[in-house]
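Chemist: I would like the entire structure built from these sequences, with the hints used as guidance.
In order, the protein sequence lines correspond to chains A and B. The first sequence lines up with residues 1 to 257 when you count with the working numbering. The second sequence lines up with residues 1001 to 1645 when you count with the working numbering.
Hints were generated in silico from the structure; no laboratory data involved. The beta carbon of each residue, even a glycine, is placed where N, CA and C say it ideally should be. Be aware that one or more of the hints could be misleading.
Derived contacts from chain A toward chain B, CB cut-off under 10 angstroms, selection only [what the hints assert, rightly or not]: (1) 78; (2) 79; (3) 82; (4) 83; (5) 85; (6) 90; (7) 94; (8) 95; (9) 117; (10) 162; (11) 186; (12) 188; (13) 191; (14) 204; (15) 224; (16) 240.
Residue-level listing of the chains:
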Amino acid sequence: MALLKIDEVTKVYEGKVTRRALNQLSFEVEKGEFLAVMGPSGSGKTTLLNVISTIDSLTSGEITIDGVDPHALTPDELALFRRRELGFVFQDFNLLQMLTVEENLVLPLTLDYIKTDEMARRVLELAKRLGLTPFLHKRPNELSGGEAQRTAIGRALIHKPTIILADEPTGNLDSKTSREVLSLLSRVSNEENATIVMVTHDPIAASYCDRVLFIKDGEFFNEIYSDERQQTFYQRILNVLSLLGGNVNDLSATRLP
Amino acid sequence: MTFRQLAYRNVLRNRRSYAAFLLASVVSVMVFFIYSMFIFHPLFEGAQLQFFALRGMLIAEVVLYIFTLFFLFYSMSAFLQARSKEFGILIQLGMTKKQLNKLIFFETVILGAVSTVTGIVFGYAFTKLFFMIGREIMQLEQLPLYVSWKPFALTIAAFASLFLIISFISVSFIRAKKVLELMKGFWREQEETTVSKFLSLLGFVLLGYSYTQAALVTDENVYQMAFIIPPIATLGTYLFFTHSIHSLLSFSKRSRKLYWHKTRLVAIAETSAKLRDSAQMFFIVTIVSTVAFLAVGTLASISSYTGDFRQSNPLGLIYISFEGNEAEDAHIEGLINELEERKLAYDLVTFEVKRQTSSQTGNIVDILAEDEFNRLARSLSFEAVNLGAGQAMFVPYSIESREQLEGVEVETELIESGVELEIDAVHPSIMFPIHTLNYNSIVVSMEDFETMDEPVNGLTLEQSTYTYYAFDVRNWEETSGIGSELSSVIEAAAESGNYSGLNFFFENPGDDYRWFQSSFALLLLIGLMVAVVFLLAAGSFIYFKLYTGLEQDRKQFRLLVHLGMTEKELKKVVNRQLVPQFFLPWALALLHSVFAFVSLQIVWDEFAQLSILDELVIVLAGFTALQIFYFFLIRWRYIAHLQAS
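Modeler: Structure (structure tokens):
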């Protein structure tokens, strides 16, 4: 049974120029799967993530997460849904500057009336697992990029969400830290059976996943599954990318909102 | 795009961040211009009331000028710092320092021109309204709008010089910085400042000390304390915002049960970050608001200064006729006619006052007869006197003189008539206003009064007596204008200092009362307008801080939506963030003012039995309403900006 079901999803931006960002896209994500979504810029990756995360509305089609259609919920139910079922990791970490690492980690829990003892217990456990224990009382501006992204991942995990959505999580990191963060995500996916959907333009990042989905102009293009060796998987991803036509290097790392 | 166009477009496209700042400058120019219109009004040349009020306006103009200078100085430095990233880019693109200075200079000149012109246009539009209010307050027949170049010239000269000073100074704000520092931007620079436990405690101690001292102030030490308390309270306020409040907040963060609860986590953290970022701004806002509250509160309480006036002026009209006054009967008849025309009930007591020389002091003494004195006392419902032969009583001319004469016993002989008197008491009420009787006045028994038939040395008998006409008018406030011809004769004599040839004296306390009332009301109006400028300026600081932090806040807002905050919770967070920023300085200013007024009440008590509570409640409630309105306005705009992505 698929955990996330994307069914014929279409998103059209009305405006001076009407733009079809997603066009009848369908795919499924199984529980515990670590999926990468790749595509050239303008292919609709971020729009896809936004409609899954319910930040953006759908023009047509249906999305179900664990049997629930979030787009049918009222705004308040939707907020509760995001709070409990979704976890987010962003390219620029998006930590709250005025909160310490510890406070950033518990933020999703405080919204949900969890008992203080329970929160403290979970923070300690999580910090140990993510290697954040020495930084718990530091502010985000005192952290390195890798530490900040680990904190952000911790924030996405702490409330045990159904699905974790990551938007270019390694976009702002150097290659060594990127590898650390990706191994962490893949470990989380394996050990805790967490479901992760990651948007990326980086083939190395994609090679850490179980499956890579390619989209182009908002439509399904191809998908490949990982094999025994990461190296060969990486090679196959590169092959598909060259088929995709766009040059990997011209995908900009920083996007304007 | 020419260089000047760049400057022009910078201002135009930054208009949102300049909005509150412009509003405060425009209102300041407007108020300044309206005062100038009053000052140069052709009608006000030489008249007394107007002179008093005009001096108040002149002072208000100077205060406005100085305040606006500081306000602009502070705002411009904050603006330029907020835009340092932009300047960094310009320098990186090859702009020379000289060009950058020129750019800032142009921008400031544009801002100055816009606010001066807009201020004058609005000022001129509102002048008619203020002239109408002024006419009502000053009881003038008319106060027409007029056209003259003078108020325009004064306002333009004042603000042109002001903005020129600011544009020269503001250039120096960014002179020293390196490009890299500029590029990093100003707002990122704020590092965690350490909060000193000692200083936060000191802040509370200083505030507590000032408050207790202000509450416990006594008549004896009030003037001394007026110099001690304000600096201590100011220092305390500064420490409160830079240290104490942060200690308090980190203390509240210690309890996780309280802190890690729903929206509180974000709200408290956000508030403490904002308070820390702009501690100095909050300090300035607090002090400026306190000064505004105090100014208006003091003026409002002065304008209620009537009790004392009535006490020292119980008579409605006073006419005194000296020797050789042929117009006496005509004047009295005229006054009576005027009173009857206005249907004012009155009681006229006429009596003779004799002058003699006291052997004790060698001074001339004015002497009243018991019967006549009692007749007037009864009419005014004061205590009557009962004197035997050789007995006399002091007649006080003011509350202070009554206190001085209390318990004084004098034995004296009136040199001319040889009457020996023992003066051993003072009449408890002031019946005759100051200047209408000699400072040394006594009342004596009938038989003693009759034996005094010798004139003062070198004078005729007629010259050493005079007739006093005392009108007791129940509705004494309404006598204003009665006997205006007589008043103008007296006024003319007073102005030239030449009383010779004047053989009567006339005083109408109702006129003086009006004068008091309208002068104070006018002062209150002047003070209120200055206070409005102050409060707008204080509000504009807060608006500016909010606006420059908007980009950051919007990003946070989006994150919180991702994390699953409902709209209701978000509004709650925004509220909890905005309320302290708006109302913490305001509440502290209010507290400061309340304690200052407690002291002021003690000062007032000393020379006038006067409660200033009513006026204060009105003033402070008015400002509270204004502040709440401003809060909702800003919150509405802020939330709209946050949600716009």
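Chemist: Each hint: holds or not?
Modeler: Quick rundown of the hints versus the structure:
A hinted interface residue such as residue 78 (chain A) counts as satisfied when its beta carbon comes closer than 10 angstroms to some beta carbon of chain B; here the least separation is about 8 angstroms, so the hint holds. For residue 79 (chain A), the suggested interface contact is upheld, since its CB lies about 4 angstroms from the closest CB of chain B, less than 10 angstroms. This hint holds: residue 82 (chain A) has a C-beta 4 angstroms from the nearest C-beta of chain B, less than the 10 angstroms allowed. Interface restraint check for residue 83 (chain A): the shortest CB-CB distance to chain B comes to about 3 angstroms, inside 10 angstroms, so the restraint holds.
About 9 angstroms separates the beta-carbon of residue 85 (chain A) from the nearest beta-carbon of chain B, less than 10 angstroms, and the hint is met. At its closest, the beta carbon of residue 90 (chain A) sits 8 angstroms from a beta carbon of chain B; the interface hint therefore holds under the 10 angstroms criterion. Of the supplied interface hints, the one on residue 94 (chain A) holds, with its beta-carbon coming within about 5 angstroms of a beta-carbon of chain B, less than 10 angstroms. The criterion of a C-beta within 10 angstroms of any C-beta in chain B is met by residue 95 (chain A), whose closest approach is roughly 9 angstroms, and the hint holds.
Among the interface hints, the one on residue 117 (chain A) holds; its C-beta lies about 9 angstroms from the nearest C-beta in chain B, closer than the 10 angstroms criterion. A cut of 10 angstroms between beta carbons decides the hint on residue 162 (chain A): the least distance to chain B is about 13 angstroms, and the hint is violated. For residue 186 (chain A), the interface hint is violated, since its Cβ never comes within 10 angstroms of a Cβ in chain B; the closest pair sits about 23 angstroms apart. For the restraint placing residue 188 (chain A) at the interface with chain B, the shortest Cβ-Cβ distance is roughly 19 angstroms, beyond the 10 angstroms limit, so the hint is violated.
Given the 10 angstroms rule on beta carbons, the hint for residue 191 (chain A) is violated: about 24 angstroms separates it from the nearest Cβ of chain B. Interface restraint check: residue 204 (chain A) against chain B, minimum CB-CB distance 26 angstroms, threshold 10 angstroms, status violated. Here the hint on residue 224 (chain A) is broken, as its CB sits about 30 angstroms from the closest CB of chain B, past 10 angstroms. Checking residue 240 (chain A) against chain B: minimum C-beta separation of about 30 angstroms lies over 10 angstroms; hint violated.
In summary, the structure is inconsistent with hints 10, 11, 12, 13, 14, 15, 16 from the numbered list given earlier, while agreeing with the others.
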